[in-house]
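Visitor: With chain A's structure known, arrange chain B on it following the hints.
Top line first, the protein sequences correspond to chains A and B. full-length UniProt numbering puts the first sequence at residues 1 to 272. full-length UniProt numbering puts the second sequence at residues 1 to 297.
These are computed hints drawn from the structure, not numbers from a lab. Certain hints may be false.
[What the hints assert, rightly or not] Residues on chain A that point at chain B, a partial pick, calculated with CB under 8 Å:
{"no.": "1", "residue": "Thr90"}
{"no.": "2", "residue": "Arg105"}
{"no.": "3", "residue": "Asp125"}
{"no.": "4", "residue": "Ser126"}
{"no.": "5", "residue": "Pro136"}
[Said to hold, decoys possible] Stretches of chain A that chain B covers, calculated by requiring three or more beta carbons in the stretch to come under 8 Å of a beta carbon on chain B:
{"no.": "6", "region": "96 to 104"}
{"no.": "7", "region": "107 to 115"}
{"no.": "8", "region": "166 to 178"}
[As the list claims (entries may be wrong)] Away from chain A, derived, C-beta distances all over 12 Å, residues of chain B:
{"no.": "9", "residue": "Ala230"}
{"no.": "10", "residue": "Ala247"}
{"no.": "11", "residue": "Leu265"}
For glycine and all other residues, C-beta sits at the position ideal for the given N, C-alpha and C.
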Amino acid sequence: MSRGVVEIEGAGLRFGDRVLWSGLDLDVQPGEFLAVLGPNGSGKTSLLRVLLGLQSLSAGKVRVVGRSPGRGNRKVGYIPQQRAMDEQLTLRGTDLVGLGLDGDRWGFGLLGAGRRRRRVAELVDSVGAESYASSPVGRLSGGEQQRLRVAQALIGEPDVLLCDEPLASLDLTHQRVVSELIDRRRREAGTAVLFVTHEINPILSYVDRVLYLVNGQFRIGTPDEVMNSRTLSELYRTRVEVLRVGGQIHVAGAQSALCEDEVHHHVDERVS
Amino acid sequence: MDKLFDFELTARLLGLDFVQTALLAAAVLGLVAGTLGPLIVMRRMSFAVHGTAELAFTGAAAALLLGIGVSYGALLGAVVAALLLGLLGGRESERDSVIGVILSFGLGLGVLLLWFYEGRASNKFGILVGQIVAVEPQDLTALLVAAVVVLVVLGLIYRPLLFASVDPAVAVAKGVPVGLLSPLFAVLVGIATALGVQIVGALLVVALMVTPAAAAARLTASPLRATVLAVVFAEVAAIGGIVLSLAPGAPVSFFVTAISFTIYLVCRVVAYVRGRERHGAVDAVSAASGVPAAHQR
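For reference, chain A alone in the conformation it holds in the complex (with noise of 0.2 Å):
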């Protein structure tokens, strides 16, 4: 069996009395795309930082393209969830994808600049940034800054793309660029990819595999499996319905625990 490139084994992350999840076992293949969805305070966020090394587990095994999670895996990519940016900062869309590729360095880098612009000039080009990469990034609209964000996390040739609700708050026509963008990267370099969102039909026709977080409780499996009206209500303890319309899936009936209309923490937030 060929190893994963994230493995967890009998996770488990509490804060004081509040399980977040426990019992999880989870192996992401190189090249699989997999949602992670849940309502708010599920723990969707926590398992990135996990990922991320910014959080312990509290209980259980994880690894992350071979090793244990720790600060700075040049193998991981991160695209966090657009937000706002002040219009006067002095940073150019070139800039951010740069600091992708070498920002947690030491020096200034002028050794190498060449080559470092040429390689930023590449990934502009392949996210289709180039008109307004040397833009003040203050100054885009959230989807031109989503895209280099996908430039900023492919330069440095992740072997995992950890995704924190990258679409949240961008137009419909953005949510398919970027996403697109996602797709063709695992399909090309084999990256696999893990999307924390609360909507999954964005992204519903490049999922291979559902994990979804309720209350503690857990399912992993491909959406049909998952997105269903009998796993969703046993997951949620009530009765849910999930109906398939056009090729979108719409969870109805479980009221408040469903109104994901506000996008949770974020990963340099603490939750406490």
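Guide: Showing chain B alone in chain A's frame:
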């Protein structure tokens, strides 16, 4: 007022040793302040710089009273301030008020210390508004050493610090020690502030640490270009301010801040005009192609 343009007097004064020492000190300060400035602006630390400067004043006042070098007092005060602000103001929501709290207490304490001091009144005034012409050769050595330390450390941490400043979420995810870089940078800013206190005084340090960088940010979005511009602006303000102050014998601080402020205003005007031209061009393009301009922002 006509003294301001007495070039003969200015030229004669420029030949004096202590004036040249002052100019060299100003040049060093301009370089350090200009280099740190863009990062200070990106990290929204302008108020922190002001707070640090007030504590540098407290330290300087204590040193004056104890009869030790004012520059060492300023340095100690500024570094303690930087560490305090770093420790107490970790949360962004609290930072603003913590600075206000520390700043006001430090200023009050400094005033008390000055009241105890029985030496020359001009010394007291000097640490508030600067006394560049009083820079002694041994002060200059200390200034140079401090400047080199700041620039070398900044050079080492520049990339991760920039990453942590502009893009903290991804920087944390990439393993940049954001929690370590913040206090380290605060200490660098503290050292630079202490240098500035001697030249433009505690009240006006912001004019060299923040204004040039804020002006540069209006003109370019490239971090490198912004740094170069900020250094140039800070040098022009610091050196220009001293040269202009020579003939009238007026306080250096006024000229430094006036030049700094003028540069800032000019940069804003330039940015405004450029912005209008750009929008005009975009409007023309979108009118021709029928695409709404709003999308192109």
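Visitor: Is the Cβ of B:Ala230 farther than 12 Å from every Cβ of chain A?
Guide: 10 Å, violated
Visitor: Report holds or violated for chain B covering the region 96 to 104 of chain A, Cβ cut-off 8 Å, minimum 3 residues.
Guide: Coverage by chain B holds for the region 96 to 104 of chain A (6 residues, Cβ < 8 Å).
Visitor: Does the claim that B:Leu265 lies off the interface hold, with its Cβ farther than 12 Å from every Cβ of chain A?
Guide: The claim holds: B:Leu265 sits with its nearest Cβ about 16 Å from chain A, beyond 12 Å.
Visitor: Closer than 8 Å between Cβ atoms is the bar; does A:Pro136 clear it against chain B? Give me holds or violated.
Guide: Hint holds; A:Pro136 Cβ to chain B Cβ min 4 Å, cut 8 Å.
Visitor: Are there three or more residues in the region 107 to 115 of chain A whose C-beta lies closer than 8 Å to some C-beta of chain B?
Guide: holds (count 3)
Visitor: Are all C-beta atoms of chain A more than 12 Å from that of B:Ala247?
Guide: 37 Å, holds
Visitor: With 8 Å as the cut and Cβ atoms as the points, is A:Thr90 at the interface with chain B?
Guide: 5 Å, holds
Visitor: Let me know if the C-beta of A:Arg105 comes in closer than 8 Å to any C-beta of chain B, holds or violated.
Guide: 6 Å, holds
Visitor: For the region 166 to 178 of chain A, do at least 3 residues have a Cβ located nearer than 8 Å to some Cβ of chain B?
Guide: Since 0 is below three, the answer is violated.
Visitor: Hint A:Asp125 vs chain B: min CB-CB distance below 8 Å?
Guide: 20 Å, violated
Visitor: If you take the shortest Cβ to Cβ gap from A:Ser126 to chain B, is it below 8 Å?
Guide: Since chain B brings no Cβ nearer than about 18 Å to A:Ser126, farther than 8 Å, the hint is violated.
Comparing the model with each numbered hint stated earlier shows that hints 3, 4, 8, 9 do not hold.
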